[in-house]
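Engineer: For the protein sequence lines, the chains are U and Y, in the order given. Residue numbers 1 to 200, in the working numbering, belong to the letters of the first sequence in order. Residue numbers 201 to 664, in the working numbering, belong to the letters of the second sequence in order.
What the hints contain is simulated information worked out from the structure, not anything from laboratory work. Be a bit skeptical, because a hint or two may be false.
[As the list claims (entries may be wrong)] Some chain U residues judged to face chain Y by a derived CB distance under 8 angstroms, without partners named: (1) 29; (2) 32; (3) 98; (4) 99; (5) 100; (6) 175; (7) 176; (8) 180; (9) 181.
Backbone N, C-alpha and C define an ideal beta-carbon position, used for all residues, glycine too.
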Amino acid sequence: MDHIHYSFFIILGFYHGVNPGMGWLFSVALSMQRESTKTIFISHIPIAIGHLLSLIVTILVYYVIQDFITPETSKLFFALLLIGFGIYKLIDRSHFNWVKMNVNNFDLFIWSFLMASSHGAGLMLIPGFNYEGDHMVHHLEHFGFFALGIHTLAMLITSIIIAFLVYKLIGLRILRTSWINFDYIWSFVLILGGLFIFFI
Amino acid sequence: MGLTADKTFYPTAKMAMEAPAEELAYVATLNVHGKPDSLCTVDVNPNSPDYQKTVSELVLPNIGDELHHFGWNACSAHLCPYAPHPDVERRYLLIPGLRSSRLYIVDTKDNPKEPKIIKTIEPEEIMEKTGYSRPHTIHCGPEGIYVSALGGGSESGEGPGGIFLIDHLTLDVKGQWENDRGPQYYAYDFWWHLGHDRVVTSEWATPDLFENGLNLEAAVGGKYGHKLHVWDLKTHNHLQELDLGKENQMVLELRPSKNPKNTYGFVGVVVNTQDLSASIWTWYLDKGEWKIQKTITIPAQPAAAEELPAPLKQFGAAPPLITDINLSLDDKFLYVSCWGTGEIIQYDVSDPFNPKQTGLIEIGGVAKKKAHPSGAAASGGPQMVELSRDGKRLYFTNSLYSSWDDQFYDDIKGWFVKADIDLNGGFEIDKDFFMDFGDQRTHQVRLQGGDSSSDSFCFPNEEN
Chain U
1 MDHIHYSFFI ILGFYHGVNP GMGWLFSVAL SMQRESTKTI FISHIPIAIG HLLSLIVTIL
61 VYYVIQDFIT PETSKLFFAL LLIGFGIYKL IDRSHFNWVK MNVNNFDLFI WSFLMASSHG
121 AGLMLIPGFN YEGDHMVHHL EHFGFFALGI HTLAMLITSI IIAFLVYKLI GLRILRTSWI
181 NFDYIWSFVL ILGGLFIFFI
Chain Y
201 MGLTADKTFY PTAKMAMEAP AEELAYVATL NVHGKPDSLC TVDVNPNSPD YQKTVSELVL
261 PNIGDELHHF GWNACSAHLC PYAPHPDVER RYLLIPGLRS SRLYIVDTKD NPKEPKIIKT
321 IEPEEIMEKT GYSRPHTIHC GPEGIYVSAL GGGSESGEGP GGIFLIDHLT LDVKGQWEND
381 RGPQYYAYDF WWHLGHDRVV TSEWATPDLF ENGLNLEAAV GGKYGHKLHV WDLKTHNHLQ
441 ELDLGKENQM VLELRPSKNP KNTYGFVGVV VNTQDLSASI WTWYLDKGEW KIQKTITIPA
501 QPAAAEELPA PLKQFGAAPP LITDINLSLD DKFLYVSCWG TGEIIQYDVS DPFNPKQTGL
561 IEIGGVAKKK AHPSGAAASG GPQMVELSRD GKRLYFTNSL YSSWDDQFYD DIKGWFVKAD
621 IDLNGGFEID KDFFMDFGDQ RTHQVRLQGG DSSSDSFCFP NEEN
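Only chain U is shown next, with the shape it has when bound in the complex (with noise of 0.2 angstroms):
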């Protein structure tokens, strides 16, 4: 695994850690409720956990599917997945929202997993495991576990980070002022790691 092939699973994991959606919001509002600075870290584990599953179960479905289709065809199937399912997202606007404010972290672990999958988190990542200039992406074991942890850590790491300057110092008129649709930014990425893996 290559330098280029680890900054592509750390840098999507800043990104999703920057994404309001998938958690450092969610923790800065808990922090608030509770009034305590605790709550940034302790909140963050079921987060973490919900996010990292979710890429997992996404990531298997990945190899199990390699077993039974030629490379050419993969790389045809996960170009437009990831292209097509970017562009969903553009369209259909709807969110699930049966979670609600008073969570424990069982329902913030489900929340996480929830959040990570309805966005295609884990799809994002695919085009680092279909990188063929990377043997060792065909190992699930040696490279993918490798590959997800290093993604999850560098998403925890960033969403504390934010999570903590807004809870402590930045404070909420951050949102009024620097939010920009991740939705938008979300599904070009997505897009974007369609096309890469079709002419990759």
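Following the hints, position chain Y against chain U.
Structural biologist: Chain Y only, in chain U's frame:
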């Protein structure tokens, strides 16, 4: 959908008080003379050449709707962290016709001064999809747009009433909100404690008890609503019933603390059948159990029989009749509108269990019939009150509900009035602000960009 957050959304209630002053007010007007109701857009920007003028009137295509508590498709609740979507725009007003069961959706985006109808949901569709009729109050919130409905899904509107949902993206009717309604039968207002996943609902009555006017006999018999209900916002199940006692008839507007950390709120009772007083009650959470206690009593005012309308002559007193209340975004001031005595009273409710009266204004009233300070005659009494987000301006109107208007007042002429507020306590009617609507009876007011009763918040107020 925008690329950035809607600028009218604020994460906390206190931050929303920094909002710029409103430039437009949307006023629902009722027409009882065989003409349709309207949504009037009023210029409330003192620097505008059109200040205090109706800049447009959207005349509705049907007759007899009786517009009630309309509201926005989206608000600050879209910043809630479990599904943050602040790019959804606050642009549509959903306007319910209480008498017709019809619901209009108007778009304010293209020209805020001239809203246009983009969709009409017919009564049949509401009844069929929700099992309800007589839509009354709109609140935007988590899961979409919530609408309270006072009647069941038939022509007669036999109960129970309840809440139904409208999708905030497609603006389609989704269906009934309740899962297990327990003993709840009457509906009126509803609101929530977002930080605790709790919904509170109140009770007026079913259509048989209000459409033809106030049934005095039924009120004396305790037949109107006198309870609050607490629900789980997640499961939509009934949790608890809070009975205010059947002498406390008609439990209407709910104003929970705007800070989602808190677990208290205020509700107004129209009339106590024993002494004609009106009251404000504070509900609160005590060790896992919701409780309620009376915190303000406003007594009836003695008046000579010849000054009083027919239903009240026998009592020799004017009842305050609390018909609307409004709470400032910092949870500091509660405004209580006494439609019967022609007063709005301001209370400092910093301690929600010990409100202190800090101001009082008078206009109209069944007995006093007090004129506006400009000298203009003011029929009716102060009814719907709306407070600007910064807490500095209070706007109010004078019509309640056509058949009830006619029982208590002779020929109400609609007006729209403003009061200026001292944030340290106290307020007075702006003597230069009186808008005469004539035969159009004025009801609910919404302020452009939001007001003190339009939004709910998921984030507690920040320190400092």
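Engineer: For a quick check of understanding: which of the numbered hints are violated here, in increasing order?
Structural biologist: none
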